[in-house]
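S.K.: In order, the protein sequences belong to chains A and B. Per this note's numbering: the first sequence = residues 581 to 834. Per this note's numbering: the second sequence = residues 624 to 847.
No wet-lab data here; the hints were simulated from the structure. Just to be clear, a hint being listed does not mean it is correct.
[Said to hold, decoys possible] Not everything, but these chain B residues come out facing chain A in the computed CB check (under 10 Å):
1. H699
2. L752
3. V756
4. P784
5. Q802
6. F830
[Unchecked claim] Pairwise CB distance ranges (calculated):
7. B/V763 x A/D747: 19 to 27 Å
8. B/P746 x A/P607: 51 to 59 Å
9. A/L828 x B/W835: 25 to 33 Å
Quick caveat: nothing in here was measured; it's all calculated off a predicted structure. We put the CB at the ideal spot given by N, CA and C, even for glycine.
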Amino acid sequence: MSIELEAIQPLDSPPPYGRAVAAPPRPWFTRWDNDRYTPSGPLSVGGGLLRAQGAVARDLFEARGLNTYIAGCGLLMVFASLLYGAILGSVAGAGQVVYAAVKFPVVIVGACAICLPSFYVFQALTGARLSFKQAVAAVLMLGAAAGLILLGCAPIAWFFSVSTSEDASGFLGLMHAVVIALSTTFGFHFIARTHRYVAWKHGERLFDGRVLALWFGLLVLVAAQMASFIGPLDPERGMLETRRGFFLSALLTP
Amino acid sequence: MAALLGNLLHKPELHFRLAWRTPAVNHYLLAAGVLGAMAWGAAMGSHVGRAHLWITTIKMPLFLLLTLALCFPLMHITLLVGGVKARPAQTLTVALSGLSALAICLGACAPVVGLFCASAPIPSMASYLNLYVLCLVCGVLAGIAGLRVLARGMRSLCGGPVRAPLIAWALIYQFTGAQVAWVLRPWIGSSYGVDGYSLSHGLSGNFYMGVWAVLMRWLKEIGA
Numbered sequence: 581m582s583i584e585l586e587a588i589q590p591l592d593s594p595p596p597y598g599r600a601v602a603a604p605p606r607p608w609f610t611r612w613d614n615d616r617y618t619p620s621g622p623l624s625v626g627g628g629l630l631r632a633q634g635a636v637a638r639d640l641f642e643a644r645g646l647n648t649y650i651a652g653c654g655l656l657m658v659f660a661s662l663l664y665g666a667i668l669g670s671v672a673g674a675g676q677v678v679y680a681a682v683k684f685p686v687v688i689v690g691a692c693a694i695c696l697p698s699f700y701v702f703q704a705l706t707g708a709r710l711s712f713k714q715a716v717a718a719v720l721m722l723g724a725a726a727g728l729i730l731l732g733c734a735p736i737a738w739f740f741s742v743s744t745s746e747d748a749s750g751f752l753g754l755m756h757a758v759v760i761a762l763s764t765t766f767g768f769h770f771i772a773r774t775h776r777y778v779a780w781k782h783g784e785r786l787f788d789g790r791v792l793a794l795w796f797g798l799l800v801l802v803a804a805q806m807a808s809f810i811g812p813l814d815p816e817r818g819m820l821e822t823r824r825g826f827f828l829s830a831l832l833t834p
Numbered sequence: 624m625a626a627l628l629g630n631l632l633h634k635p636e637l638h639f640r641l642a643w644r645t646p647a648v649n650h651y652l653l654a655a656g657v658l659g660a661m662a663w664g665a666a667m668g669s670h671v672g673r674a675h676l677w678i679t680t681i682k683m684p685l686f687l688l689l690t691l692a693l694c695f696p697l698m699h700i701t702l703l704v705g706g707v708k709a710r711p712a713q714t715l716t717v718a719l720s721g722l723s724a725l726a727i728c729l730g731a732c733a734p735v736v737g738l739f740c741a742s743a744p745i746p747s748m749a750s751y752l753n754l755y756v757l758c759l760v761c762g763v764l765a766g767i768a769g770l771r772v773l774a775r776g777m778r779s780l781c782g783g784p785v786r787a788p789l790i791a792w793a794l795i796y797q798f799t800g801a802q803v804a805w806v807l808r809p810w811i812g813s814s815y816g817v818d819g820y821s822l823s824h825g826l827s828g829n830f831y832m833g834v835w836a837v838l839m840r841w842l843k844e845i846g847a
């Protein structure tokens with residue numbers, strides 16, 4: 581007795597062995613893909629970073645208009661850190677406002693400049709397809725994206741600074757630390773998404789993801805050490821006075 | 624104005640569809656919000672009465688608008704980062720709509736609160752605490768109404784899910800609003816005869832440090 585078996589075809593046939601299943605695009609991929617933006621000048625770059633992140637990521641990948649992005653992101657980063665530095669300084673009194681407004685951008689720009697060579701070299705070593713100009717633009721975009729969040733938080737931070745009595749410096753310190761951490765995380769988030777978007781759209785790596793994460797940790801450490809060395813919030817230090825020491829010991833010493 | 628308020632409360636979707644076509648709607652929303660907040664302020668101020676009545680009537684709209692002014696840049700950035708492509712004027716319309724709905728709800732509760740405030744014994748800590756709870760309940764209800772309008776406004780801008788920016792807006796406004804309210808205190812008025820408003824009193828301390836100190840004292844008393 582023979583039984584004829586009907587050939588059953590699976591509805592969704594699995595991919596051949598060894599081939600990865602293509603993941604459906606995430607909603608933000610399609611959103612970024614629809615973003616349209618042409619930088620009209622350095623001052624318009626902030627709008628692009630907020631409204632059309634996908635277009636900015638494509639420009640970075642295709643090295644389009646990089647001079648404009650470098651100028652715009654640099655200006656935005658310096659302006660945001662200058663303004664937020666002034667607010668940070670206002671906690672320690674009016675005299676500290678100017679010092680902090682000058683020193684805080686030095687900390688931010690200095691940390692980015694110090695970490696830029698390591699970013700480019702290690703990305704290149706791990707096979708990322710990135711020119712030095714793209715590396716400069718990427719680092720400045722991280723700083724500018726963080727600066728935008730700092731600018732957004734500036735009115736709230738200023739209000740808390742002026743409306744809080746001096747014995748609540750612990751609260752203010754914590755609040756500023758949270759704001760700076762949030763803004764830096766947003767900057768990193770933007771660059772990490774740029775990496776994932778480019779990988780999805782072009783099938784190529786603009787950055788190496790693991791190197792990017794490690795490098796971001798290095799950037800945070802360098803910024804903390806710069807802050808400890810230059811001391812934008814130390815009212816006892818002069819404009820050009822620096823102090824040696826590891827930032828962790830400065831944090832742990834009461 | 625009446626039609627606008629009707630749409631805002633009954634049919635927020637229609638309100639926002641009309642608002643995108645009529646930029647002048649922000650003025651009406653502002654006026655409605657200020658009136659509602661003034662009514663609520665007057666109700667709270669009626670507990671102590673005298674100068675405190677009109678001071679609180681002015682302080683309440685000032686509180687809502689000052690908080691909005693401080694939070695607006697971050698709220699707009701949050702909206703853009705959350706994928707809602709809005710112009711600043713549109714963000715302002717959404718924020719003012721939510722704020723107006725909140726203030727109108729508070730204004731609607733004002734007669735009831737005003738009655739209790741005016742008739743509660745003074746000075747009395749018990750009556751102060753009862754009024755505090757009453758105002759808190761009204762505030763929570765009005766806050767929910769405001770959030771509902773905000774959610775509809777954001778959805779009419781982007782058409783997709785808006786949970787993340789909505790939560791962010793609520794947290795930003797709440798975090799800043801608590802400190803603004805602290806600076807502009809007293810609201811109901813002291814049961815111990817403090818009258819009027821003093822900026823130096825307002826600028827002393829900090830809301831969150833104050834809450835922390837109360838919590839610590841409470842924990843110490845429980846432990847003792």
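S.K.: Look at each hint and say if it fits the structure.
M.R.: Verification of the hints:
no. : hint                        : verdict
1   : H699                        : holds, 8 Å
2   : L752                        : violated, 26 Å
3   : V756                        : violated, 26 Å
4   : P784                        : holds, 9 Å
5   : Q802                        : holds, 6 Å
6   : F830                        : holds, 9 Å
7   : B/V763 x A/D747: 19 to 27 Å : violated, 31 Å
8   : B/P746 x A/P607: 51 to 59 Å : holds, 57 Å
9   : A/L828 x B/W835: 25 to 33 Å : holds, 26 Å
The structure fails hints 2, 3 and 7 (numbered hints given earlier, in ascending order).
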